[in-house]
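Undergrad: Residue strings, one per chain:
There are 2 protein chains.
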Amino acid sequence: MSKRTEISELGEFGLIERLRGSIQTYHASTVRGIGDDAAVIDAGDTYRVVTTDLLVEGVHFDLAYCPLKHLGFKAVAVNVSDIAAMNAIPKELTVSIALSNRFSVEAVEELYEGIRVAAQHYKVDVVGGDTTASRSGLVISVTAMGEVEKARIAYRSGAEVNDILCVTGDLGGALMGLQVLEREKQVFLANPAMRPDLEKYPYITGRQLRPDARMDIVHELRDLGVVPTSMMDISDGLASELFHISKASGVGMTIYEDKLPIDKETYDAAVEFNMDPITAVLNGGEDYELLFTISQSDFSKLEKHPDVHFIGHITKEEEGKFLVTKSGTAVPLKAQGWKHF
Amino acid sequence: MSKRTEISELGEFGLIERLRGSIQTYHASTVRGIGDDAAVIDAGDTYRVVTTDLLVEGVHFDLAYCPLKHLGFKAVAVNVSDIAAMNAIPKELTVSIALSNRFSVEAVEELYEGIRVAAQHYKVDVVGGDTTASRSGLVISVTAMGEVEKARIAYRSGAEVNDILCVTGDLGGALMGLQVLEREKQVFLANPAMRPDLEKYPYITGRQLRPDARMDIVHELRDLGVVPTSMMDISDGLASELFHISKASGVGMTIYEDKLPIDKETYDAAVEFNMDPITAVLNGGEDYELLFTISQSDFSKLEKHPDVHFIGHITKEEEGKFLVTKSGTAVPLKAQGWKHF
Numbered sequence: 001m002s003k004r005t006e007i008s009e010l011g012e013f014g015l016i017e018r019l020r021g022s023i024q025t026y027h028a029s030t031v032r033g034i035g036d037d038a039a040v041i042d043a044g045d046t047y048r049v050v051t052t053d054l055l056v057e058g059v060h061f062d063l064a065y066c067p068l069k070h071l072g073f074k075a076v077a078v079n080v081s082d083i084a085a086m087n088a089i090p091k092e093l094t095v096s097i098a099l100s101n102r103f104s105v106e107a108v109e110e111l112y113e114g115i116r117v118a119a120q121h122y123k124v125d126v127v128g129g130d131t132t133a134s135r136s137g138l139v140i141s142v143t144a145m146g147e148v149e150k151a152r153i154a155y156r157s158g159a160e161v162n163d164i165l166c167v168t169g170d171l172g173g174a175l176m177g178l179q180v181l182e183r184e185k186q187v188f189l190a191n192p193a194m195r196p197d198l199e200k201y202p203y204i205t206g207r208q209l210r211p212d213a214r215m216d217i218v219h220e221l222r223d224l225g226v227v228p229t230s231m232m233d234i235s236d237g238l239a240s241e242l243f244h245i246s247k248a249s250g251v252g253m254t255i256y257e258d259k260l261p262i263d264k265e266t267y268d269a270a271v272e273f274n275m276d277p278i279t280a281v282l283n284g285g286e287d288y289e290l291l292f293t294i295s296q297s298d299f300s301k302l303e304k305h306p307d308v309h310f311i312g313h314i315t316k317e318e319e320g321k322f323l324v325t326k327s328g329t330a331v332p333l334k335a336q337g338w339k340h341f
Numbered sequence: 001m002s003k004r005t006e007i008s009e010l011g012e013f014g015l016i017e018r019l020r021g022s023i024q025t026y027h028a029s030t031v032r033g034i035g036d037d038a039a040v041i042d043a044g045d046t047y048r049v050v051t052t053d054l055l056v057e058g059v060h061f062d063l064a065y066c067p068l069k070h071l072g073f074k075a076v077a078v079n080v081s082d083i084a085a086m087n088a089i090p091k092e093l094t095v096s097i098a099l100s101n102r103f104s105v106e107a108v109e110e111l112y113e114g115i116r117v118a119a120q121h122y123k124v125d126v127v128g129g130d131t132t133a134s135r136s137g138l139v140i141s142v143t144a145m146g147e148v149e150k151a152r153i154a155y156r157s158g159a160e161v162n163d164i165l166c167v168t169g170d171l172g173g174a175l176m177g178l179q180v181l182e183r184e185k186q187v188f189l190a191n192p193a194m195r196p197d198l199e200k201y202p203y204i205t206g207r208q209l210r211p212d213a214r215m216d217i218v219h220e221l222r223d224l225g226v227v228p229t230s231m232m233d234i235s236d237g238l239a240s241e242l243f244h245i246s247k248a249s250g251v252g253m254t255i256y257e258d259k260l261p262i263d264k265e266t267y268d269a270a271v272e273f274n275m276d277p278i279t280a281v282l283n284g285g286e287d288y289e290l291l292f293t294i295s296q297s298d299f300s301k302l303e304k305h306p307d308v309h310f311i312g313h314i315t316k317e318e319e320g321k322f323l324v325t326k327s328g329t330a331v332p333l334k335a336q337g338w339k340h341f
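Residue numbers (the UniProt record's numbering), protein chains in the order written: chain A, 1 to 341; chain B, 1 to 341.
So that you can see chain A by itself, here it is in the shape it has in the complex (with noise of 0.2 angstroms):
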């Protein structure tokens, strides 16, 4: 008999490695493939910027809680967020969406005007896509498209030593949202009489069912001249994607607790749900905040800025990657991203 290896043995990123072992490419204007937040393609004077991906209703959404039009904005969101985690601006869309009998007209157009506003809040065309039936529930596949100045590109591994660690907005609300959503969701099935008790959490909730792409960050780098050292969109986490920076880069990294950005929301919704604040904003997934690098010498140009984070600062590789506590400990920094599998 053949070997029969489960997919959860290897995980997500342990899967997409092994299958990008075997990937070749053939053309000299593919200046990166796989790995980074969108692929790189040499068109002449600038950088064209693809990436995709694929929303399943029951992995990435519940229908039960979350509408068709969020639904529709986020699938665009999550792709124009990797278009500006590689410093471009999106130019183009693709939709395919794949569903069962059990959507109606009206259905497929609530989704779509949520494509639609979020196509137009992007500025960004969508120029095809596929529809087609499924067997069961809702599928969306997304792909993106944008330009950037060979110049501005920002890759994952571009961060030096000294370099100050950044991140926009603030983190882990999206993941509370979704344990608040959840609850009520539990509720709701236990009693439909009941209420869902959601207006306690507009924000967060509002942080899980619409996410918005920080494209508005890309254009004041760009106004202030800025261009990051490294970047990439935080949808797996934080600590995911410090470990990825330093790998990609080559560097360790020291940050610290007290310069971790979090709402009152999201702080109150993990004391009232028992869970430590602090391991929401490393661990919690799907902010679609910006993480970067800049050399010291951009400092002053972003040091006022008021949805920027100075969160830490990039070390050696040797040196390690570390929180620092509040109370001034340094303890090492753990990966724990979502796992889909």
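What the hints contain is simulated information worked out from the structure, not anything from laboratory work.
Worth double-checking, as some hints may not be accurate.
Note that the list lumps identical chains together, so a pair holds whenever it fits in one copy or between two copies.
Stated by the list, open to error - List time: in silico DSSO-like cross-link candidates among lysine-lysine, alpha-carbon distance up to 30 angstroms:
no., residue 1, residue 2
1, K150, K3
2, K123, K150
3, K150, K334
4, K316, K301
5, K150, K316
With chain A fixed as given, assemble chain B onto it according to the hints.
TA: Just chain B now, with coordinates in the frame of chain A:
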């Protein structure tokens, strides 16, 4: 109560028409969006073309008789075929898959081996993708990107009166191959001791399981200095595609039954299944041959091509669309493509 319209009332094309109505474009570089085999983006000296296809288990393929390696090849080939249909050269691919835990790592590797072989065959770079869990079957989403000199692009909309209608290869084989595979599956399900009898029809079962995009024709047209006035690939059936060319170009057409290319195996299988072979040729899907029109002045360059067949010619729109039967009768053409809903 709000109105509920079933998707089956509109069909796939109707649904796409309805959804694209709400889509705006924001970039002058978007030359063509939804509505041709691929979108067309102005990239300075050249056009970049983009197409995407979603393959869903139980809708587009049946793993009972479709080996995963062939499926991987086919997922790439059907997208490359759309690039070929624009007279362009494929450059990059993204490949996303959703799969349940009934698939092992070895099974995924088999699927990727087919993708790798196809990428090598078509000289196209796999630059990205997404791998995720699924609650039920296997879903494969491929986006293909290509490039073409601006003067060589071929739309559906360029056919002119007196142009010659050409098709490559032979038609109806993939449909009859599917009939054979479905029959043998039923035989096997009824009696697992029976060995499926596929040897009688190796060509048409191969047409169904492992179609080849006609990039050879795209390269040959280039070498011969012929630019088709219009072109598309035959994925939904010849008759349906003729209607697309007719509508997009605003023309009529006359085709001749005795010019339509059919392989002997396709013919024999049709007879065995009590089907009119001409129905398989006109309405069979998934052949992935090319349908194109050329100016009369280019005829001599292609006249002796062993695999290009001249099936008719373009007329004025008001003259209508006709099939001239072997007995000399002109009957109105009917579009009747594949319906996935």
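Undergrad: Against this structure, judge whether each hint is valid.
TA: Comparing the hints with the structure gives:
Taking the closest pair of Cα atoms, K150 and K3 never come within 30 angstroms of each other, the shortest separation being 46 angstroms inside a single copy and 50 angstroms across copies. Proximity of K123 and K150 under a CA criterion of 30 angstroms is satisfied in both settings, with 21 angstroms inside one chain copy and 25 angstroms between copies. Taking the shortest Cα distances, K150 and K334 never come within 30 angstroms of each other, neither inside one copy (34 angstroms) nor across copies (51 angstroms). For a Cα distance limit of 30 angstroms, the shortest separation of K316 from K301 inside one copy, 25 angstroms, qualifies, whereas the shortest one across copies, 65 angstroms, does not.
Taking CA atoms no more than 30 angstroms apart as the test, K150 paired with K316 passes inside one copy only; the shortest distance there is 27 angstroms, against 49 angstroms between copies.
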